[in-house]
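K.L.:
Residues per chain, in single letters:
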Amino acid sequence: MQITNRGMAVLAGWVAMALHAPVQAQGFFSGMFDDVGVDFSGFIRAEGTYRTTSDENPYNQQGNLFNDRTIQRTPYAPPNLTQTQIDNLGLGGLVNLGEVGTWNTIPLVIFNDEVRRGDIIRSQENDTNYTVLRAEGEMNLRFSRNFRFVAKPRVLYDPGIYNDFDARNVANVQTGISGGDPALYQGEVNYFEYRVEDGNGGFTNGNPLEFSGRNYFVDFPALLFEYTNGPMTLRLGNQQIAWGQAIFFRVLDVPNGLDLRRHSILDRSLEEFSDKRVPMLSARLTYQLPFSVIADAYVGRFQPTVFGNPNTSFNVIPVQFTVRDMFKEGGFDDKYSYGLRLRADYGSWGWQAIAVRRWNPDGTFRWTQTGVNQSLDGNGLGAVVNLAYALNPREGCGGTTGEALAQSAFEVAPGGVYTAEEWFTYAAEVRLSGIEGLNAGIEDFPCAQALTASTIDPTDADAQQQAENQLDTFFVAAGGSLRGHIAREYHQENVFGLGLNYVTTSNIDFLNQIIINLEVSYQPKRAFTDIALRQDPLIQDETTVALIMDKWHRFTPGFPGTYMVFQALWKNRSDLVGRHLSGYGATPDNGLPPGIDNATYLVFGFQQPLPNRIFDVEFASLYDPQGGLFMQPMLRWNPGNNIGVEAFYNFIDGELSGNPNDNLLSTLGFADEIGLRVTYQF
Amino acid sequence: MADIPSMRRRDFLARTAGYAAGAGMLMPLWEAIGANGEINRAYPDELLSIEAYTKGRISPGDLITADNVEHVKDLLEPVTYEQVREMGRQLRVAPTTTDIMRLSPWEYMEATVRNRGRARFDDKGNVVTEEGRPWIGGHPFPDATKAVELFAGLTMSWGRHDASVYAIRQYSLSPEGQVQYQYDLGWAELAPVGRLVLEPTPYWDGHEDFLRYQSVFFLSPRSERGTSFLNIWPYDQNAFPDLYGYLPHFRRIRQFPTNQRFEPLVPGSTLYLSDAWAAGDPLHTWGNYRIVGRGPMLAGVSNGWNPDHPNWEHGTHGGPEGNTFWNSTVELVPEAILTEAEPVAFTRAPVSKKRVWFDARNMMPIGMVTYDRKGELFRSFDGNYSLYESGGKAFMDGDHPYWSWTHVHAFDVQTRRMTRLEQVREISDGVTTRVNEPGMYEQYLTRNAILRMGRI
Numbered sequence: 001m002q003i004t005n006r007g008m009a010v011l012a013g014w015v016a017m018a019l020h021a022p023v024q025a026q027g028f029f030s031g032m033f034d035d036v037g038v039d040f041s042g043f044i045r046a047e048g049t050y051r052t053t054s055d056e057n058p059y060n061q062q063g064n065l066f067n068d069r070t071i072q073r074t075p076y077a078p079p080n081l082t083q084t085q086i087d088n089l090g091l092g093g094l095v096n097l098g099e100v101g102t103w104n105t106i107p108l109v110i111f112n113d114e115v116r117r118g119d120i121i122r123s124q125e126n127d128t129n130y131t132v133l134r135a136e137g138e139m140n141l142r143f144s145r146n147f148r149f150v151a152k153p154r155v156l157y158d159p160g161i162y163n164d165f166d167a168r169n170v171a172n173v174q175t176g177i178s179g180g181d182p183a184l185y186q187g188e189v190n191y192f193e194y195r196v197e198d199g200n201g202g203f204t205n206g207n208p209l210e211f212s213g214r215n216y217f218v219d220f221p222a223l224l225f226e227y228t229n230g231p232m233t234l235r236l237g238n239q240q241i242a243w244g245q246a247i248f249f250r251v252l253d254v255p256n257g258l259d260l261r262r263h264s265i266l267d268r269s270l271e272e273f274s275d276k277r278v279p280m281l282s283a284r285l286t287y288q289l290p291f292s293v294i295a296d297a298y299v300g301r302f303q304p305t306v307f308g309n310p311n312t313s314f315n316v317i318p319v320q321f322t323v324r325d326m327f328k329e330g331g332f333d334d335k336y337s338y339g340l341r342l343r344a345d346y347g348s349w350g351w352q353a354i355a356v357r358r359w360n361p362d363g364t365f366r367w368t369q370t371g372v373n374q375s376l377d378g379n380g381l382g383a384v385v386n387l388a389y390a391l392n393p394r395e396g397c398g399g400t401t402g403e404a405l406a407q408s409a410f411e412v413a414p415g416g417v418y419t420a421e422e423w424f425t426y427a428a429e430v431r432l433s434g435i436e437g438l439n440a441g442i443e444d445f446p447c448a449q450a451l452t453a454s455t456i457d458p459t460d461a462d463a464q465q466q467a468e469n470q471l472d473t474f475f476v477a478a479g480g481s482l483r484g485h486i487a488r489e490y491h492q493e494n495v496f497g498l499g500l501n502y503v504t505t506s507n508i509d510f511l512n513q514i515i516i517n518l519e520v521s522y523q524p525k526r527a528f529t530d531i532a533l534r535q536d537p538l539i540q541d542e543t544t545v546a547l548i549m550d551k552w553h554r555f556t557p558g559f560p561g562t563y564m565v566f567q568a569l570w571k572n573r574s575d576l577v578g579r580h581l582s583g584y585g586a587t588p589d590n591g592l593p594p595g596i597d598n599a600t601y602l603v604f605g606f607q608q609p610l611p612n613r614i615f616d617v618e619f620a621s622l623y624d625p626q627g628g629l630f631m632q633p634m635l636r637w638n639p640g641n642n643i644g645v646e647a648f649y650n651f652i653d654g655e656l657s658g659n660p661n662d663n664l665l666s667t668l669g670f671a672d673e674i675g676l677r678v679t680y681q682f
Numbered sequence: 001m002a003d004i005p006s007m008r009r010r011d012f013l014a015r016t017a018g019y020a021a022g023a024g025m026l027m028p029l030w031e032a033i034g035a036n037g038e039i040n041r042a043y044p045d046e047l048l049s050i051e052a053y054t055k056g057r058i059s060p061g062d063l064i065t066a067d068n069v070e071h072v073k074d075l076l077e078p079v080t081y082e083q084v085r086e087m088g089r090q091l092r093v094a095p096t097t098t099d100i101m102r103l104s105p106w107e108y109m110e111a112t113v114r115n116r117g118r119a120r121f122d123d124k125g126n127v128v129t130e131e132g133r134p135w136i137g138g139h140p141f142p143d144a145t146k147a148v149e150l151f152a153g154l155t156m157s158w159g160r161h162d163a164s165v166y167a168i169r170q171y172s173l174s175p176e177g178q179v180q181y182q183y184d185l186g187w188a189e190l191a192p193v194g195r196l197v198l199e200p201t202p203y204w205d206g207h208e209d210f211l212r213y214q215s216v217f218f219l220s221p222r223s224e225r226g227t228s229f230l231n232i233w234p235y236d237q238n239a240f241p242d243l244y245g246y247l248p249h250f251r252r253i254r255q256f257p258t259n260q261r262f263e264p265l266v267p268g269s270t271l272y273l274s275d276a277w278a279a280g281d282p283l284h285t286w287g288n289y290r291i292v293g294r295g296p297m298l299a300g301v302s303n304g305w306n307p308d309h310p311n312w313e314h315g316t317h318g319g320p321e322g323n324t325f326w327n328s329t330v331e332l333v334p335e336a337i338l339t340e341a342e343p344v345a346f347t348r349a350p351v352s353k354k355r356v357w358f359d360a361r362n363m364m365p366i367g368m369v370t371y372d373r374k375g376e377l378f379r380s381f382d383g384n385y386s387l388y389e390s391g392g393k394a395f396m397d398g399d400h401p402y403w404s405w406t407h408v409h410a411f412d413v414q415t416r417r418m419t420r421l422e423q424v425r426e427i428s429d430g431v432t433t434r435v436n437e438p439g440m441y442e443q444y445l446t447r448n449a450i451l452r453m454g455r456i
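Chains A and B supply the protein sequences, listed in that same order. Residues in the first sequence are numbered from 1 upward in steps of one, following the working numbering. Residues in the second sequence are numbered from 1 upward in steps of one, following the working numbering.
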């Protein structure tokens, strides 16, 4: 759709006058408004997936692995319980302090109970993971051959045809969930909003160029002015920047974070992250230098990666956590990232180099105070602890367990962790240390210690049992579950990268014209989430190496050439999504993960157009040698008349061999599905 | 030659043989052209007048339809003939152009005459001057007697301008005649050697090792918007061009293998990079060049520009829905040279052979058919060239009216899919047809340029 020249000249004339009326097309602005026109294009697309297994997302309330299991909880006498506290409770005749050696010593069988999580939050099954209506548009407003304005709105609507968790249904259980952003944790599932702490005790939108609500989402992947002059292009505004040659592996593709809402990373694989990169308000200058060198520099306002919201289909942060995003409160919204890339190609070989000073968009997580004043259960063991603490409060932690817990990382609320087994299972699932995580949650919060919580020596032979007993004790005392609050913070880092590419020449046809790329990045002193969620992140140097081989090969004269890509990625500190490798390998029975030394991933994909490209067959796979496999076959149909149809199947198996918590893909093992996208473009 | 009438074919071959011997035709063509820029003195009247050729059955201004196509059956390449006979295609007839300067860009023809006789093939088969330097402009072999000379001239300069940007509308039709796919695309080409207009001439300093910079970029529909490819052709015609592509989904430039030149670039298209100008690949990646015939032919070499439409768009007709073919004008080309070539450097190419008809007057291709690996007819190509001057209107190329192609048919004989292209004044994003303007290199023909043209 195009409107050109005279009609738009009037509009552009107004714009020109508004921009700089006195200039009158002199000097730098000469000719800037002499070739006016505007183009519109866009598409409307229905996107949906149909689940092919009964596995619900285990990180959501209704897919929790323990919803259908009845588990006995036995509390134990805390080892740092004082004789005074016991005497004050009138239990001096029953308990001799000298016998409380560890969390394994004195079971308080009188308070034993059984809990079935599903009695509080029922499991639900969904036929679909994802159903949205999407519209995207693009407006190109040209003022001249050198100067234009581009606006690309993206609009999504999710009708919410899922059997979703609604926190209001547990409002009367343990007095309900009161911590965290009400828009995320206290009502219906919020599919789209990116919410952060506002620094004034409230919450706000984390992206100034995003307008979203529970069911709708509007943003601008591009909203920018572009000026070109000879070899120079300058773009100012909201935009995405993609660097590097590796597909899916972000070795040099470091300027933008990713938006993992919507369909997470499970859309058409060969689209890579085109729909995922979080646009950044930035200035980008590209310049064609002599000797085939392109310089590409940017400076942009930091905008973090966005994870799926709690209880959305592809959320991977267990909803027993309440996440407090410090993007604004921590002042990170005023930070800037910048970088430079040089790239050159000389026929059969080329090179690229990057140097970036950025705020890592993924951020790190740590335990944080809940701020929720909610005492332990008023009955049973909770009542005993409440009374004990009230009789012997710690200075600075308030006079009630509620006030003390407000200064700890744990909130008495439903939908948290109900049993020690659940704690350790999920710690292992998210590649954290269950025992060290418990210790950090106690050690870093004195008011938790005031409630007789105590750290456990992980070298003790029975450390796992001690941790389980302590956890069950507090879950019983909470009268149900405890929710853990974690803060998300961001860290500045440098990224240096090098890439080399070479195109082979061979008389053997299959070995001819293979495009080989080698990319290496080095991030000194990168910050990772501590696997115990301690206050300080892990700081280590990280090296990432990727080998990418592209090959187009015509297997038969009757069909167009097949595009094949093979990739290998090696990382020495974290996995593909940034989780530190020391957190790998835990099990529900072992909360001290052994870790793995490095992570390796292999990718193979191909695209086979059929004659005239009316159909394309695609395949993508990701293999984690530790026991995970993702495969995505896809059929694309271009029937013409501005319609496009894509059907694909996502197969994910994170349990091919060994401990599922040793590989990346077990995290998404629930997401087997058939997807369909029907597009009408205009 | 397809099927030249037997009598006339014999006559023509006799004349050609005489010409080859230097004593048969009325006058050697390029001597006639050199004398006054006209071809009249080289050919007899029956090869300069469709009316004379058909003995008055068809005259300029007439429409060739299924009803009268039999009269010119032997002047049409076989697929065009079938299209007229079976699919409702029609061809308007124009008088034969005798002024050679109306058959190419002015400067190109001038240089062809000026540099005539100065070209040779070097040891590697590349066209060079007597001194062994890259070619200096114009057709290097206007007196071509070998097919490879014809293809060499065509490969070295496709559009015959130093730099061109073609604003193109492409329509791909189903066998049922429905326009299933419509694309707006730009095609840019720039010559760093053999330059005649753009300073510096004849060579662009530092770029003498390259024959051509060429890009193609799609602007609509949205699914293909931003798809761009940049070909950098080495001067050595034994080497493949470097190929870089910007794919919207990747949002970055990737290098592509250079030998994948038989792939449909976009859905529904029956065009390959290899098809460009009937010589889309480096000269010596094809081989077994040979001339297999000469004779008159009906082809679109004039009157193809439509200034009556503000965007130069053309009307259509024929086919199941009345929109399969461009409204075209043809004229009697007095001497067409039929050549054949085979793709010798492409393993498993879907094409086994191509036949290309050249207009002997200007050495431009006026028709092409390709054959599949079984030797069956695969696809056909025909189009129109024109001086962009008509009815008192003109689109100028410097001091002279612009000369270029105006529209093309690419027809898949086996699937009966048609792809039509036309050169228009302007397409999406304000991309306009332009010629020999400074700055085109930076704007369209660098990696930075295709990055900029890519989807943001």
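Check each hint, because a few of them may be wrong.
[Said to hold, decoys possible] Partial selection, computed: residues in chain B whose CB lies under 7 Å from chain A:
id: 1; residue: G61
id: 2; residue: T65
id: 3; residue: A66
id: 4; residue: N68
id: 5; residue: R222
id: 6; residue: N448
[What the hints assert, rightly or not] Covered by chain B, per the in silico footprint, the following chain A stretches (three or more residues, Cβ under 8 Å):
id: 7; region: 139-146
id: 8; region: 154-166
Keep in mind that the hints were calculated from the coordinates and are not lab data. Note that beta-carbon positions come from the ideal geometry of N, C-alpha and C, so glycine has one too.
K.L.:
Look at each hint and say if it fits the structure.
P.N.:
Hint-by-hint comparison with the structure:
1. With its C-beta approaching chain A no nearer than about 35 Å, G61/B sits outside the 7 Å limit, and its interface hint is violated.
2. Proximity of T65/B to chain A is violated relative to the hint, the smallest CB-CB distance being about 29 Å (cut-off 7 Å).
3. Hint status for A66/B relative to chain A: violated, with the closest Cβ pair at about 28 Å, above 7 Å.
4. Interface hint status for N68/B: violated, as the beta-carbon distance to the closest one in chain A is roughly 34 Å, over 7 Å.
5. The beta carbon of R222/B is positioned within 7 Å of a beta carbon in chain A (closest approach about 4 Å), and the interface hint is therefore held.
6. The closest approach between the C-beta of N448/B and any C-beta of chain A is roughly 4 Å, which is under the 7 Å cut-off, so the hint is satisfied.
7. Taking a C-beta to C-beta cut-off of 8 Å, the region 139-146 of chain A contributes 3 residues in contact with chain B, enough for the three needed, and the coverage statement holds.
8. Closer than 8 Å: that is the beta-carbon criterion, and the region 154-166 of chain A has 0 residues meeting it against chain B, so the requirement of 3 is violated.
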